[in-house]
Each structure stands twice: as C-alpha cells, then as structure tokens.
Amino acid sequence: MGSKQQVPDGMLIGPKNPIIEEALGDRLVGGKREAAELSVADFDGSRWKLVCTPDQPNIATVHLDVGGWAEIEKVGGRAVLESLYAGMVVEPAPTYKVAVSVDCDACQEKEATLEKMILLKRHLVGAPFTQKFEALAQGAAQQGPVVTIPWRDSGEAVYVLTQNDPAQPQNYDRVCVVYSVDFPDETDRAMCRILLQQFAEQHRKIGAAPPVTFSEAKNPPLEIRPLVGAKQEGFVGYVSLTVFARHVDSTEKLAKKVDLCLAFRHYLHYHIKAAKTNLHMRMRRKVRGWLQVLNRAALASEAPREKKTISGRTFTRK
Numbered sequence: 010m011g012s013k014q015q016v017p018d019g020m021l022i023g024p025k026n027p028i029i030e031e032a033l034g035d036r037l038v039g040g041k042r043e044a045a046e047l048s049v050a051d052f053d054g055s056r057w058k059l060v061c062t063p064d065q066p067n068i069a070t071v072h073l074d075v076g077g078w079a080e081i082e083k084v085g086g087r088a089v090l091e092s093l094y095a096g097m098v099v100e101p102a103p104t105y106k107v108a109v110s111v112d113c114d115a116c117q118e119k120e121a122t123l124e125k126m127i128l129l130k131r132h133l134v135g136a137p138f139t140q141k142f143e144a145l146a147q148g149a150a151q152q153g154p155v156v157t158i159p160w161r162d163s164g165e166a167v168y169v170l171t172q173n174d175p176a177q178p179q180n181y182d183r184v185c186v187v188y189s190v191d192f193p194d195e196t197d198r199a200m201c202r203i204l205l206q207q208f209a210e211q212h213r214k215i216g217a218a219p220p221v222t223f224s225e226a227k228n229p230p231l232e233i234r235p236l237v238g239a240k241q242e243g244f245v246g247y248v249s250l251t252v253f254a255r256h257v258d259s260t261e262k263l264a265k266k267v268d269l270c271l272a273f274r275h276y277l278h279y280h281i282k283a284a285k286t287n288l289h290m291r292m293r294r295k296v297r298g299w300l301q302v303l304n305r306a307a308l309a310s311e312a313p314r315e316k317k318t319i320s321g322r323t324f325t326r327k
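No gaps in the numbering here: position 290 of the sequence shown is 299 in this note's numbering, and each next residue is one more.
Wrong hints could be hidden among the right ones.
Once the Cα atoms are required to be at most 20 Å apart in a straight line, the calculated SDA-like pairs of lysine to any residue come out as [said to hold, decoys possible]:
hint, residue 1, residue 2
1, Lys227, Leu271
2, Lys25, Trp78
3, Lys282, Lys227
4, Lys262, Leu21
5, Lys282, Glu165
6, Lys262, Val221
7, Lys41, Glu120
8, Lys58, Glu46
9, Lys106, Arg294
10, Lys41, Ala121
11, Lys25, Glu195
12, Lys265, His275
13, Lys106, Glu120
14, Lys106, Arg87
15, Lys58, Arg131
16, Lys125, Met200
17, Lys265, Leu128
18, Lys265, Ser249
19, Lys106, Lys125
20, Lys316, Val221
21, Lys262, Arg198
22, Lys265, His132
23, Lys106, His132
24, Lys265, Lys58
25, Lys282, Asp51
26, Lys282, Phe52
27, Lys83, Glu100
28, Lys282, Arg294
29, Lys227, Phe192
30, Lys227, Leu204
31, Lys125, Ile68
32, Lys265, Leu93
The following label-pair restraints were derived from C-beta to C-beta distances [said to hold, decoys possible]:
hint, residue 1, residue 2, range
33, Phe253, Leu21, 45 to 53 Å
34, Ala44, Leu300, 51 to 59 Å
35, Glu80, His212, 44 to 52 Å
Calculated from the structure, these hints are not laboratory results.
By construction, the Cβ of each residue, glycine as well, lies at the ideal position given by its N, Cα and C atoms.
With the hints as extra help, turn the sequences into a complete structure.
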C-alpha cells in the first residue's frame, strides 16, 4: 500500500485525489505490478486516468483533464511541466490535456515522485497564483495583464491581478483574486449569496485575514469589468480576496495561500451542500416530533357522557 490519505477535517477539500493516490502508491511504493485503467473525477469536474498496460505493468501513466487548460498553459502551466516534470511528460490520451509517466522499477525517489504526480493538478492550476505570490513576496510585483482562468463549463472563472497602493501608485503591494460564482440550482444560488455576504462581513473580526469583498453580478468589480461586461449578469456575484506580502512572506505561507485559493470554490460548494443537508435533517426531525405528538393524542369518545348533579344524581338533558 502506498501513501495514505489523511481524513479531512470537513472544512476543506484537499488538492489530492485519494483514489489516484492509493492506486499509484500501490504500484510506485508498494511494488504492485499488474495492468490497470482507472478513471475518476474530482469535485470540480476535472478527470484523472491511471493507466498501466499489460505489456509494461511497471510503467504508470497519469492523464489529467482540467478546465481552462488552454489559458493555464500560457500563464505558467507549460513552464511547470517543463521544469518540475521534466522527463516525465508524455502524450495524453484523447480528451485529456496532459499526462506524466514514471517507471516504477527504475524510480529512485518513490515517495517524492508519488507526491509530485498526485499534485499534478495543483501545480498546473496553481502556477498563475504561485507566480504572482512569489513576485509579491520578493517585492518585485509589477503591473501586468489580468490572468483569467475559465475553470468551469458554466462560465465561472477566476481572475488574478496585481494592484497598487492608492496612496503610492508606484507601489504594487497586493494581489487581488476575484472569483465569479454561480450555481444552476436556484436554492444553491440563494444560499451562496448569503454565504458570500457573510464572508465579507466576518473577515473584519479576524485581524490578519485577507480583506474580502462581495459584489453583485450586476455590479462586478472595477478591475475586471472590462473583461466580463454584461455576459455574467445572471451569476450569483463576485467575491474578491486581497493578498498582501505579509500573507506570503514564507514558503509555507505561500504554498498554503495557493492551496486555499484553489480550494475556495470547492469549499463554497461543499458547505452549501452541507447546509442544505442540515436543513433537511432538521425538518425531518421536526416532522417526526409532530407525528409522535399525533400518535400520542387520544381521540374523544363519540358516546354520550354521563352527567351528574352536585349531589351525585344522574340526569339526562332533554
């Protein structure tokens, strides 16, 4: 058995796919050698496929299909493949965007290679965030075009841009990450709007948290208004996170901020579903309580009641 996936705390969905991690770990670390073709999907709609052919069971190939790859490739995704995955990139299967392969017998650093392969999507999609945050941490942030990543088929996208200090226009000291958010279900849309509004309100109570703002779909943030125009008026809205240098001034902080930025949309979707589940559980519990009350209720008898005077004599009303 390969590396084990820790049980999540219920607050965040991790960047790894536990099914691919277990299957690849069995072959790369555990020494399992047999043919396999395993296809799975992530919470965000991206697809994975692990392939070990019968004639070469020691060669494990991971294929990945991720939304917005054409844009991600231009803003850092291709550079990550050529540097971090040098010598591992192979031709992807049809309908998949990228693929990396490893010889399980010849691999020397099995644990490190396993970690690198199961974080393939995180490194590719997180490349634009990493570039912006590294420049910010090094004090080398400069004005540049807005990076747009359309990562969902519904039209949702994330926009990453460097901003300056209004008091010092030449000082680019922050990175703004804007998410356009929408859901097909009307109930999900209503709950999402409430949750995003609470994000904007509650961040004030946490001193070191990045500032958060929520904008209705009809009034998108000024920074991205030329890009979105009126084509997303039907969306729930836009949520903006502003990251300063103090949030990414160490390697650990920077990696965590990239992970959190990538997981924000999943976090939102997960907790909307959890909130709906909680509401349904409460309603069912209330209905069960009402049914118990009705079952315990005694029906009044239809037979005429016997009536007596104060002295104890029985009489019949005529």
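Against the structure, the hints:
1. Lys227 x Leu271: Violated, because 25 Å separates the two Cα atoms, which is more than 20 Å.
2. Lys25 x Trp78: Answer holds: lysine 25 to tryptophan 78 is near 18 Å, not above 20 Å.
3. Lys282 x Lys227: violated, 25 Å
4. Lys262 x Leu21: holds, 17 Å
5. Lys282 x Glu165: It holds: about 18 Å lies between the C-alpha atoms, which stays within 20 Å.
6. Lys262 x Val221: holds, 18 Å
7. Lys41 x Glu120: holds, 15 Å
8. Lys58 x Glu46: The given pair, whose Cα atoms are some 7 Å apart, holds under the 20 Å limit.
9. Lys106 x Arg294: violated, 47 Å
10. Lys41 x Ala121: holds, 18 Å
11. Lys25 x Glu195: The hint is violated at about 30 Å.
12. Lys265 x His275: holds, 15 Å
13. Lys106 x Glu120: violated, 25 Å
14. Lys106 x Arg87: Holds, at about 11 Å.
15. Lys58 x Arg131: Holds - the C-alpha atoms of arginine 131 and lysine 58 are around 16 Å apart, at most 20 Å.
16. Lys125 x Met200: violated, 36 Å
17. Lys265 x Leu128: holds, 14 Å
18. Lys265 x Ser249: It holds: about 18 Å lies between the C-alpha atoms, which stays within 20 Å.
19. Lys106 x Lys125: Cα-Cα ~17 Å, so holds.
20. Lys316 x Val221: With a Cα-Cα distance of about 74 Å, the restraint between lysine 316 and valine 221 is violated, given a limit of 20 Å.
21. Lys262 x Arg198: Violated, because 32 Å separates the two Cα atoms, which is more than 20 Å.
22. Lys265 x His132: It holds: about 13 Å lies between the C-alpha atoms, which stays within 20 Å.
23. Lys106 x His132: Given pair lysine 106, histidine 132 holds - Cα atoms ~14 Å apart, limit 20 Å.
24. Lys265 x Lys58: Violated, at about 26 Å.
25. Lys282 x Asp51: holds, 16 Å
26. Lys282 x Phe52: holds, 12 Å
27. Lys83 x Glu100: holds, 18 Å
28. Lys282 x Arg294: holds, 18 Å
29. Lys227 x Phe192: Holds: lysine 227 and phenylalanine 192 sit about 16 Å apart, inside 20 Å.
30. Lys227 x Leu204: The given pair, whose Cα atoms are some 18 Å apart, holds under the 20 Å limit.
31. Lys125 x Ile68: holds, 16 Å
32. Lys265 x Leu93: Distance of about 19 Å is within 20 Å: holds.
33. Phe253 x Leu21: 45 to 53 Å: violated, 22 Å
34. Ala44 x Leu300: 51 to 59 Å: Once the Cβ atoms are compared, 55 Å apart, the range 51 to 59 Å for leucine 300 and alanine 44 holds.
35. Glu80 x His212: 44 to 52 Å: Distance hint for glutamate 80, histidine 212 is violated at roughly 29 Å.
Going through the hint list in order, the structure does not satisfy hints 1, 3, 9, 11, 13, 16, 20, 21, 24, 33 and 35.
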